[in-house]
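4 protein chains.
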Amino acid sequence: MHRRLKLGMVGGGQGAFIGAVHRIAARIDDQFELVAGALSSNAERAAASAAELGIDASRSYASYEEMAKAEAARDDGIDAVSIVTPNHMHYPVAKAFLEAGINVICDKPLTSTLDDALALREVAKSSSAEFFLTHNYSGYPMVRQARDMVRSGKIGKVRKVQVEYIQDWLSAPIEAGANKQADWRTDPARSGLGGAIGDIGTHAFQLTDFICGEPLKELAADLTSFVEGRLVDDDAHMLLRYKNGAKGYLWASQVAPGHENDLRIRIYGERGGLEWRQENPNQLWVGILGEPKQLLTRGGHGTGEVAANVTRVPAGHPEGYLEGFATIYNEAADAIRNGRKSDSLSVTLDEGILGMRFIDAAIRSSKANAQWTSLGA
Amino acid sequence: MHRRLKLGMVGGGQGAFIGAVHRIAARIDDQFELVAGALSSNAERAAASAAELGIDASRSYASYEEMAKAEAARDDGIDAVSIVTPNHMHYPVAKAFLEAGINVICDKPLTSTLDDALALREVAKSSSAEFFLTHNYSGYPMVRQARDMVRSGKIGKVRKVQVEYIQDWLSAPIEAGANKQADWRTDPARSGLGGAIGDIGTHAFQLTDFICGEPLKELAADLTSFVEGRLVDDDAHMLLRYKNGAKGYLWASQVAPGHENDLRIRIYGERGGLEWRQENPNQLWVGILGEPKQLLTRGGHGTGEVAANVTRVPAGHPEGYLEGFATIYNEAADAIRNGRKSDSLSVTLDEGILGMRFIDAAIRSSKANAQWTSLGA
Amino acid sequence: MHRRLKLGMVGGGQGAFIGAVHRIAARIDDQFELVAGALSSNAERAAASAAELGIDASRSYASYEEMAKAEAARDDGIDAVSIVTPNHMHYPVAKAFLEAGINVICDKPLTSTLDDALALREVAKSSSAEFFLTHNYSGYPMVRQARDMVRSGKIGKVRKVQVEYIQDWLSAPIEAGANKQADWRTDPARSGLGGAIGDIGTHAFQLTDFICGEPLKELAADLTSFVEGRLVDDDAHMLLRYKNGAKGYLWASQVAPGHENDLRIRIYGERGGLEWRQENPNQLWVGILGEPKQLLTRGGHGTGEVAANVTRVPAGHPEGYLEGFATIYNEAADAIRNGRKSDSLSVTLDEGILGMRFIDAAIRSSKANAQWTSLGA
Amino acid sequence: MHRRLKLGMVGGGQGAFIGAVHRIAARIDDQFELVAGALSSNAERAAASAAELGIDASRSYASYEEMAKAEAARDDGIDAVSIVTPNHMHYPVAKAFLEAGINVICDKPLTSTLDDALALREVAKSSSAEFFLTHNYSGYPMVRQARDMVRSGKIGKVRKVQVEYIQDWLSAPIEAGANKQADWRTDPARSGLGGAIGDIGTHAFQLTDFICGEPLKELAADLTSFVEGRLVDDDAHMLLRYKNGAKGYLWASQVAPGHENDLRIRIYGERGGLEWRQENPNQLWVGILGEPKQLLTRGGHGTGEVAANVTRVPAGHPEGYLEGFATIYNEAADAIRNGRKSDSLSVTLDEGILGMRFIDAAIRSSKANAQWTSLGA
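Going down the list, the sequences are from chains X, E, G and F. Quick note: the first sequence uses the UniProt record's numbering, first residue 1, plus one each step. Quick note: the second sequence uses the UniProt record's numbering, first residue 1, plus one each step. Quick note: the third sequence uses the UniProt record's numbering, first residue 1, plus one each step. Quick note: the fourth sequence uses the UniProt record's numbering, first residue 1, plus one each step.
Treat the hints loosely; a few may be bogus.
Identical copies look the same in the list; a pair holds intra-copy or inter-copy alike.
Stated by the list, open to error - Straight-line C-alpha distance at most 27 Å; calculated DSS-like pairs for lysine-lysine: (1) K157 / K367; (2) K217 / K95; (3) K125 / K367; (4) K367 / K154; (5) K217 / K367; (6) K69 / K125; (7) K95 / K367; (8) K217 / K180; (9) K217 / K154.
These aren't lab readings, by the way, just hints derived from the structure by calculation.
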């Protein structure tokens, strides 16, 4: 008999963006119901947001500490908490819930500093609860297809990885105005030392890792703040070298006019190449040497089971961002119910730490004039 | 305070396609919760399906008649029922619930015959309940944008409407095998007299009507069953003439290899043209005479409020088929809560009847060698 | 040893469009040199145009009659004449040269009336010279590829042919102004009874015939003059029925805002479908049932010899309109040098007559309220 | 009165690729006629090639030295020579003709070593003749449009330049076989030290320079020979820094499966972005902050005079690679006839030297582990 998991949320009150995304993602496949929350650090807004969302007033908390304690004490306490705060709060909130034995589903990047990330790992080691990081782009069916093709050798040994994630919304100094997203995302105290590199560069990096799985040897990064007065980078690009000899390029930018949320990855191997683009996510271009180019589609001919497994509607009925996000929630639900297995695709804390090392290495490399820098550890 | 509407469902048990779609659509924006069902005419499958979906066994019914009666009698009875059966059952089921005073959300086409459709209208007139038809493609944000642009005169007086809805899944005689979808959709007794014309042609027709709102004067249709032995048309195309002098072309096909679910509409007026394609639904091409072509995007610059109102995530984060469908459910929820208003966009029974007249006229025209035929009434 | 053919030209003086195209096409592959001309009916403009083009003054003629006579009399007279006048002059000019025993390369459509076309056939029968019609779009390599795939059965028996050729340059009544092209192309006395149907509809029709080769049984056409006061159709569309049971749709429009020269053809058979678009002519989409979609490219893998034979540069180096046109000239040169062979692809006078029958039938059908009409003969 | 310039050619005999391209380019706009040649270092092949091309036997030379001397001595000697040999011969051949006072039109890259390039500059200084380098991609109309938009400030101060030129034809070790192109292009003795960086990277670099005109401060390059045993790089990528603070990325690869001749450039400024792709060259994407994206087309609305000036046919009639190449020849013809002017767009020897410095700097940087390296001088 079907039983929804009980979900709490920290952050995501009125006016937030990513909280609503998590709530829809949790709901799409009916695996979770939202029953508790500390939705805002502002008590009034927290209560109003909870009421709007149908959370009983008794389970709308003024602070995440109180929530962790109270929910852990209830017989019908939450099975998991979603953390959708600004980055600098990920660590203390995750710590509180992990220590209370409650599973954590956390937005990316893992934390705002590498130190926090490493500390969180120690917390997690002593906890009975699981930690999941919502690198949602790895939930897209055609990303799964790409991963399967690369890992099964369809394109041969990988030679080149080209990934970019570019936007234009920070092309002008809008943080000077009232844009709430721009405000915290360009403030090092809340966002972390990285700007574009942390906000979207980590998504790009995780996507390469998710698809290829090749360990990075070193990177040579050049980070820039093109908008005058901006405190963090708004454009970051770098050369990559993998341990197996492959090379790569990663570019994250929030000052690329004409691009909305343009995450694109291309992978070239000895026998073939792949191209996927987030803004048209139901397609995957495949070029095998000596053959005509093919356009694989979600649900279409030539697209395999790993994609079909995370698909809801037939070919030609486009799925989008929310469905990809929902897949991450589904996989977390499955791991919560059945125990985490080695082949779980839900993103781990270790992958979150790798992402933090990536940000850290990119910033160090850039400060050292794009010197080759390893991710460390 | 937020309160979800209580939803029941008829049809949509294990193995069905469109039932699951309706359930996700109802859930995405948290407006409905599924609490009752007569999910299959097979009692065992009905019960198993209900259990899987978390419907309490006491509200899993063996027949829709029983369900209508029982739910109408409960204090906490359902606010609405979703009808997701094969077409020929739409009429009796809708009748039962409307007569029980329960709002109906029904999959398209309205019924399997024009007679049933007209009879249903009489039923609805005497009912206190509302009727909604889920022509989901009119829920896409960029379809709303197109509608707004056409109706506000942005492209001038409309001259030409070109719509096509083409698929390839019936290119071979698969109804001879075990494909459940192919089986009932090609059986006139369950699907109605039309094949492609009823299954997808009505979507195409509704889309033209939704966007342009111009009454059709007459059509000249040529319907074909290309696959030997097929009992209904698998390809239907026709010339259109509108009362205001505009002309058009509509093509529905299920034997067009290389096309998955390719619904595409183009509208040309005195000053500009528009193009929208369902398989890449977050874009709308706009060509204004004397200007460069523009690519409007959901959430992007130049796209207006009518689209934004039915949008969940920012530009560049693609929404898809399920979100468009969810918008239809949201509008039904709003109408159920607040009373149907003249500007409600939820599809009406009258539009369903227009769709049935369209199928009927197309079949009559084709039988008369593509003679010009009006929709009647 | 290489020897260029000697070419003359009638029409194509200063200010004309298509004359310059023919001259470049004749020159690209070095098969022709332009040595004579009656470039304008205005003597002064004729002489000035000839001087500009490097034609010796002694071979710049004041009239085509004089030119035909003089060139036929010379030992080093022209091998062929290109006719690039307005449509109504095609017949008398072609007649003069054919009667003088000089090969004719003529722009389309064949003539301005069907009577002229039939008369021209009689002239041609008694002439020793060859006649070539420059339906240039059949010169594109990927059109050749499509033809080869259809005719060799790659997509199975053809069921559906969808062709459109749409432009927007006549969306407003520009013939009222000084646009020379708009002026004669919308004047029935010079252009013929058809507007869009004759100017571009014939190209679309010829393309279907070139690729598929299926004889048309009948058509049901609806022609419209959307621009007030226009004397010819500016939009023409029609249902098609082929003798073998295939169906089709053809649309020609010059009032479709947002389209420049958008000739597009799709062909669907029992086993696969093809799509080609003139504005991006180096690609051909192929969809075979049960396989992923393929994108064939000029010179790329999977594209065969018939395309390679009419290709100049490697894959990825785009060829365009002029190269496709040049191929028609090359094939004419080959036929002139070596005699016309049964497998020559240069467009014949008979195909030109078929095109005139098509225009004639479309106009007759439209006048009879889109009655089914055969091409006759 | 029109008079064609007399052209000679060195290299480009039977079996060569680029020679035929130059000949068509020279012919398209009727500015040149080919009258002399030293088409091959193999005397027999030289004579046979000349005969095929209609070059009089008396002007088919066995060596370029002889040709330079003989043509300089003739009253009707050639106005210019096209050099289409492998790279290492550019220098001696160009030297011979410049010293003979004959204008030179030379394929890129300028030479095979930087030393040769600098020596050639000295030769050119003492010569009365002009030198033109055929960086043909700068002849495309929409590249001209991009240049005009960037230089006139339409996109604001440039921040980011992203260029890539990728192919797949060297993904496997085909130089081991009989491929003539692969053979010399991967041989350092004939091609120069650079592989992909010299063959196509220089095109990419020149395109950035042509459009933006910003001087490069330094680059950090990583060159790779992915194919075992290959003597030159087959993949080269690098970070760029411009003197004005802009940043960039350049990637040249011949081992990117699925790409034929995929040269693509994107430029982002403070107010807008541009994107152009060689394989679909008649389009230019423009994204201005706060406006919908626009698709400019060759000849279309919003595309200006600088593009129109190098255009032959109307919008929607695609021009391609050969037409872009022809524009370079036209501009050379104009400079030869009227004297080179400061605003001539024909590519200069100095730009060729810049290209050689680019190759040289990239190789030096890569050998020094991608150390930041300036172009020098």
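Checklist entry - What hint numbers does the structure not satisfy? => result Those not satisfied are hints 2, 3, 4, 7 and 8.
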